[in-house]
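Enquirer: The primary structure of each chain is shown beneath.
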Amino acid sequence: MLAKRIIPCLDVTGGRVVKGVNFVELRDAGDPVEIAARYNEQGADELTFLDITATSDGRDLILPIIEAVASQVFIPLTVGGGVRTVEDVRRLLNAGADKVSFNSAAIANPQVIRDASAKYGSQCIVVAIDAKRRAPEDEQRPAADGRPVGPGWDVYSHGGRKNVGLDAVAWARQMAEHGAGEILLTSMDRDGTKSGFDLALTRAVSEAIDIPVIASGGVGSLDHLADGVQQGGADAVLAASIFHYGEYTIAQAKRRMAERGIAVRL
Amino acid sequence: MNRQTVAVVDYGMGNLRSVAQAVIHAATAVDHVDVVVTSSPQVVRDAHRVVLPGQGAMPDCMAELARSGLQEAVLDAAARKPLFGVCVGMQMLLEHSEEGDTPGLGLIPGEVVRFRLEGRTQPDGSRYKVPQMGWNRVFHDLGRGPAHPMWQGIADGSYFYFVHSFYARPAQAAHSVGETEYGIRFACAVARDNLFATQFHPEKSADQGLALYRNFLHWNP
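These protein sequence lines are chains V and U, in that order. FYI, this note's numbering numbers position 200 of the first sequence as 200, with every residue one higher than the one before it. FYI, this note's numbering numbers position 160 of the second sequence as 1160, with every residue one higher than the one before it.
So here's chain V without its partners, still in its complex pose:
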């Protein structure tokens, strides 16, 4: 039985891991290699690095970090944040990333997902989707078939600042058809709230596609992680603050999931 994965997410800027509070107050959380090694030691199943500077300067800064982590930590590494081109994928894979995550660039140019997965394989192309429950006035917006789109979730780009007018479930389906190997699904409504994943969103996307879904946004307790798998249907769960702040270890999270009857790698 394939184990459900627990993935700590590290926000990286200026060569350091930072902890954000409401996306603005950034506090230094330490050296990326040390933190990665600690999560590896605790039994993390993968690591995700998010380059939150997301400029060309940020890109050049994150490459040596990925190289340093990849030489010390032997679990899969995903890198995202500001990834735009197939050439970006090549550079990150060469630095030691195993998967590369697209977000805004896939919305601006969906073809880049086809090109990147054709060149490097679906297994290393992740599409990150930032989704937010649709406002009632937007439910009348016509969908692809001309009828009102109805209730659901909209996709946002540019770090959650811009509603691009796409339905999140339809977008996930389209990205899977384009060759994405995995969807990293973040609920903007829940992000930072510690009130748990948006389970309805997670389930809607997970049931719509045949590629794995990583649930993200809102984890405040270990039971939230288990809920994401059992009620949301997620294949993997991602969290940052509950691990960074030392509230819980990865090992504690795995034990809780195992107690709830979920297959995990202990």
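Among these hints, one or two may not hold up.
A few chain V residues facing chain U, derived, Cβ under 7 Å [said to hold, decoys possible]:
| no. | residue |
| --- | --- |
| 1 | D45 |
| 2 | F74 |
| 3 | P76 |
| 4 | G121 |
To spell it out: a stretch of chain U is covered by chain V in this simulated footprint if at least three of its residues, at any positions, have a beta carbon under 8 Å from a beta carbon of chain V; those stretches are [stated by the list, open to error]:
| no. | stretch |
| --- | --- |
| 5 | 1036-1042 |
| 6 | 1051-1057 |
| 7 | 1074-1085 |
| 8 | 1093-1103 |
| 9 | 1115-1123 |
Quick list of the computed label-pair ranges, beta carbon to beta carbon [what the hints assert, rightly or not]:
| no. | chain 1 | residue 1 | chain 2 | residue 2 | range |
| --- | --- | --- | --- | --- | --- |
| 10 | V | T193 | U | Q1152 | 47 to 57 Å |
| 11 | U | R1144 | V | G220 | 44 to 54 Å |
| 12 | V | G220 | U | H1048 | 46 to 56 Å |
| 13 | U | V1113 | V | A208 | 20 to 30 Å |
| 14 | V | G160 | U | S1040 | 43 to 53 Å |
| 15 | V | G220 | U | P1109 | 46 to 56 Å |
| 16 | V | K19 | U | T1028 | 31 to 41 Å |
| 17 | V | T193 | U | R1144 | 48 to 58 Å |
| 18 | V | E34 | U | P1123 | 36 to 46 Å |
Honestly, the hints are just simulated from the structure, not real lab data. Just so it is clear, the structure is predicted and the values come from calculations on it, not from any experiment. The beta carbon of each residue, even a glycine, is placed where N, CA and C say it ideally should be.
Knowing the structure of chain V, use the given hints to seat chain U on it.
Expert: Below, chain U without anything else, positioned relative to chain V:
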């Protein structure tokens, strides 16, 4: 003891850096091993042990192996020294892959086929996804006598990291030396004589994966 060289074959397809880093890490406890990533057929011929990685699509991997001029050196290695195939580097050892209707190197009888799991649910009620992506258990106690020596020190049922849509179906049961359940029970490790290969990625499988590479450095088939 004489120094020995492990060649990681670079034909332009694969996570060579990850594989090389893991072999180097495994070799730190063995002071007589040099690990080289190489695209030179001569270096592959001269090496004592060979690692054949592979990632992406099998048709591309076979085409690049031929185009790079390394195929003869790999076949030469497969005939006489320890060779470790990883992922598509394993699939290429078989006779044929369904992916792009591609002939393999034919070193292990059998074929490579795609998971057919659409619409099926796992024991916990969730749907099977393809690719299989993540950690799954590998069983090497197959009730056919002692486990393959490459599994020394690795517990039966240990977790390894998989990312794949196709899997090997060796024609002879004896060539399957590790098995995993994903909708069906399939051969995730195959071996014959001096060949050993895994569908999963030891270089991404934490301590158990490093143990497997360490065993490879000591393996004398």
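Enquirer: Determine for every hint whether it applies to the structure shown.
Expert: Comparing the hints with the structure gives:
Because the smallest distance between the Cβ of D45(V) and any Cβ of chain U comes to about 6 Å, under 7 Å, the interface hint for this residue holds. The restraint placing F74(V) at the interface with chain U holds, with a minimum CB-CB distance near 5 Å, inside the 7 Å limit. The beta carbon of P76(V) comes within 5 Å of a beta carbon in chain U, closer than 7 Å, and the hint placing it at the interface holds. Evaluation of the G121(V) hint against chain U yields a held restraint, the C-beta minimum of about 4 Å falling below 7 Å.
Beta-carbon proximity to chain V at under 8 Å applies to 0 residues in the stretch 1036-1042 of chain U; the threshold of 3 is not reached and the given coverage is violated. Against chain V, the stretch 1051-1057 of chain U contributes 3 residues with a C-beta closer than 8 Å to a partner C-beta. That satisfies the three-residue criterion, and the hint holds. Proximity of the stretch 1074-1085 of chain U to chain V, defined as three or more residues with a beta carbon under 8 Å from a beta carbon of that chain, is not established by the 0 residues found. Counting residues of the stretch 1093-1103 of chain U whose beta carbon lies closer than 8 Å to any beta carbon of chain V gives 0, which falls short of the minimum of three for the stated coverage.
With 3 residues bearing a CB less than 8 Å from a CB of chain V, the stretch 1115-1123 of chain U meets the requirement of three and the coverage assertion stands. Separated by about 49 Å at the C-beta atoms, T193(V) and Q1152(U) satisfy the suggested range of 47 to 57 Å. The hinted window of 44 to 54 Å between R1144(U) and G220(V) holds, with their beta carbons roughly 49 Å apart. In this structure, G220(V) and H1048(U) meet the distance hint of 46 to 56 Å, their C-beta atoms being roughly 53 Å apart.
A beta carbon spacing of about 26 Å between V1113(U) and A208(V) agrees with the range 20 to 30 Å that was offered as a hint. Hint check: G160(V) to S1040(U), Cβ distance near 49 Å, so the stated range 43 to 53 Å holds. The hinted window of 46 to 56 Å between G220(V) and P1109(U) holds, with their beta carbons roughly 54 Å apart. Restraint check, K19(V) to T1028(U): a C-beta distance of roughly 33 Å satisfies the suggested window 31 to 41 Å.
Roughly 54 Å separates the CB atoms of T193(V) and R1144(U), a value that falls within the hinted 48 to 58 Å. Evaluation of the 36 to 46 Å hint for E34(V) and P1123(U) yields a pass: the beta carbon distance comes to about 38 Å.
The structure is inconsistent with the numbered hints 5, 7 and 8, although it conforms to all the rest.
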